[in-house]
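Chain order of the listed sequences is A and B. Its first residue numbered 1, the first sequence is counted upward by one per residue in the numbering used here. Its first residue numbered 1, the second sequence is counted upward by one per residue in the numbering used here.
Derived from the structure by calculation, the hints contain no laboratory data.
So these bits of chain A aren't anywhere near chain B, every CB distance computed over 12 Å:
| id | residue |
| --- | --- |
| 1 | LEU21 |
| 2 | GLY35 |
| 3 | HIS126 |
| 4 | GLY158 |
| 5 | ILE165 |
| 6 | ALA212 |
| 7 | GLY218 |
| 8 | ALA221 |
| 9 | GLN225 |
| 10 | GLU248 |
| 11 | GLN325 |
| 12 | LEU385 |
| 13 | ASP386 |
| 14 | ASN388 |
What the simulated footprint calls covered on chain B by chain A, stretch by stretch (three residues with Cβ under 8 Å from a Cβ of chain A suffice, anywhere in the stretch; the number is not a length):
| id | segment |
| --- | --- |
| 15 | 272 to 286 |
| 16 | 365 to 374 |
In this text, a Cβ means the ideal position worked out from N, Cα and C, and glycines have one as well.
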Amino acid sequence: MAMRWIIHVDLDAFFASVEELLDPTLKGKPVIVGGDPSGRGVVASCSYAARAYGVHSAMPMGQAIRLCPQGIIVHGHYRMYGHYSEQVMDILKQVTPLVEQVSIDEAFLDVTGCEKLWGPIEHIAHMIQERVNSEVNLPVSLGVAACKIVAKIACDYGKPHGLVIVPPGEEASFLAPLAIERLWGVGKVTGAHLRSLGITTIGKLADYPTLALERLLGSQAEPLQQLARGIDVSQVTTERERRSVSKEVTFSEDVRDYGRLARTLLSMSEQVASSMRAHALVGRTVRIKLRYPDFSTITRQAILENPTDQEQVVYQEALRLLKAQWKAGDAVRLLGVGMSNLLEQGGYQLNLFEHSDIRRSRLNDTLDAIRARWGDDAIQRASLLDYNARKGK
Amino acid sequence: MRISCMQESLARGLATVSRAVATHSSLPILSNVLLASDKGRLKLSATNLELGINCWIGAQVEQDGQITVPARILADLVNSLPPERVDLQLVVRTNTLNLKCGRLEANIKGLDAQEFPLIIIPDDEKPLLLKAGMLAQMIDQVAFAAAQDDNRPVLTGVLADLSADTLTFAAADGYRLSVRKEPVEGVAWQSSVVIPAKALQELRRLSADADAPVSMLISRNRNQVFFHLDEIDLVSQLVEGSFPDYNAIVPTSYNTKTTLLTADLLSAIRMAYPFARDASNMVRLQIVPGGAEAVGKVVITASSPDHGDIVSELEATIEGTPVEIAFNARYLIDILSVVNTPQVTLTTRDPSSPGVFRPDNGPALEHVVMPMHIGR
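If we strip away everything but chain A, and leave its shape as in the complex, we get (with noise of 0.2 Å):
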């Protein structure tokens, strides 16, 4: 493959630092973004000066405030978020279209051959970190390197406000230093298999005995092995090539009530097809997961007959779904419903008997229409009227 050079892109501390930006009397202290403490929220996000006193995203919030009892917790702006994230990703996408958003907060860019445009590699990373500082008054941290990984790697070490260049032919050494758990695909367990065969670090996994690396980690052996060498051919995939669009919510306390799971389902069907209709996908498999409070998770998956980006088709694909796993009083900690299988220049196949699907699809399109110009909360359904009420508080 020819030389490339991607930059990940990462915003710091989100959440936290939109939150400063919406009240600037919270700068530089100690911001915390999550749920309710005597729930059992987790941290969305923190700023650094929380993270200072060890709080980091996806703790529990009891635990956040245990260890930073002056944390300034804030229930989040979720839609404030969007609203910025698109700004940044704007920005992105004026500099190359090849951009992959990974999250609302990061992204890949392919900005190979892009220096007959814009100048050296460095000038346009500094180009645009200087313009998101600028432009959307967010900090910012990059890496540049010449594959996926270390791309992203050199920007988590590079973090806050850093600017990591990985030249060709150092990514190895750049790596080798690093503990074995900013490695793609370390987790706790696997970290915890390499640790007590002595690799602690990148560089030691990359100079591991494949077969003996194999006997731990069978199959994944040789592409974990790949990536601590810092190589990754995995490509730039724009959003048009997404492969799913999924949505799921943890709820603030267990749920056994089946008409608010159906609910939160219908809620979260709106979302995911008209989501799918912002994108002109498709999808033809309907996929919901269960998580129960032993945290024990399961997903089901059904295929349909046809492709569809129609709320009322994925909901009721993923009632079918719920109803045929979930059994009266169980309890649910997590609920997500989502939609794979995807096609663009999404196409489905009209019914013959059927032509309510014709009325369904502009009135969805309508509801598209209206909530676009005055807001999500503009038009809903009746039956999410108490929900939706609830949720906003």
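For this one, chain A is given, so just place chain B on it according to the hints.
Below, chain B alone, put in the same frame as chain A:
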């Protein structure tokens, strides 16, 4: 039973009844084929209780009798025999079929023929007489549109509607409908039944000579249909349930009528298909009427997110307003493959109403196909 026949005719007869042999039945005898002497000929018979086939072959009957043996074993053996005389003999004491051909001898363990379900065509009513070739054409033009899955069982069948002077075949899955009408004479009874599409396709396979007569009969209790061809009977259970009112589905008006060369359109859709496959099989037809000078044109496009796109343009005679409409390429290929006139017309109302394909100056054939919703 002592019967002799030629290997070729026995092999052909076994092939004829083979599709009716049950494959996974709880009744072992349904995996067998019945061999019976019948008025100086050998009758072969198989049934899976849904579909039954009788077939008679020329033979020399020295002693009457009957036996059933596993169809698969007998057919595999007979297909491998040299094209010579085959002698069949029933060993009554052991219920075994003894088969001799040249220097080969085989004994196949059988089951008593008394246990085998009889396939009898009633002769008390006057059958409808049809030409095999015409019937085959009607089946070809309609049966493909029947549903493949069992979501709505009635749609796995073909509606056969016999009125005073017309036989109508209609089939539909949820997305398309094909209707073929043919004038008939000498109708003694009227009836509207749903025949499994698979049974008709089997009948289609069996009818060789286009001019040969085929007679058709519905049982008095309206649960079976019988077809009799020269030396072959086919009986099928009918599909229960009422077929949707297809007349209500065929659009009565249109905004655009497009006439194209059938072969050119088929070829353009076939070329677009490899690209359409990645995008729910969608091909777009942009229909642009001509002016006073220019002829109209149809622009056919398909595009694959991964593999590229294709555009082709056909001249067409177009009356009415311009329209862009998308269809499943597979459906169009099915339809255009059975339109046997040089020109075909497509009438459309709007991008989300059904389009209708008809042969231009051909038999009374209509293919109604729902378009695909064009994404933004």
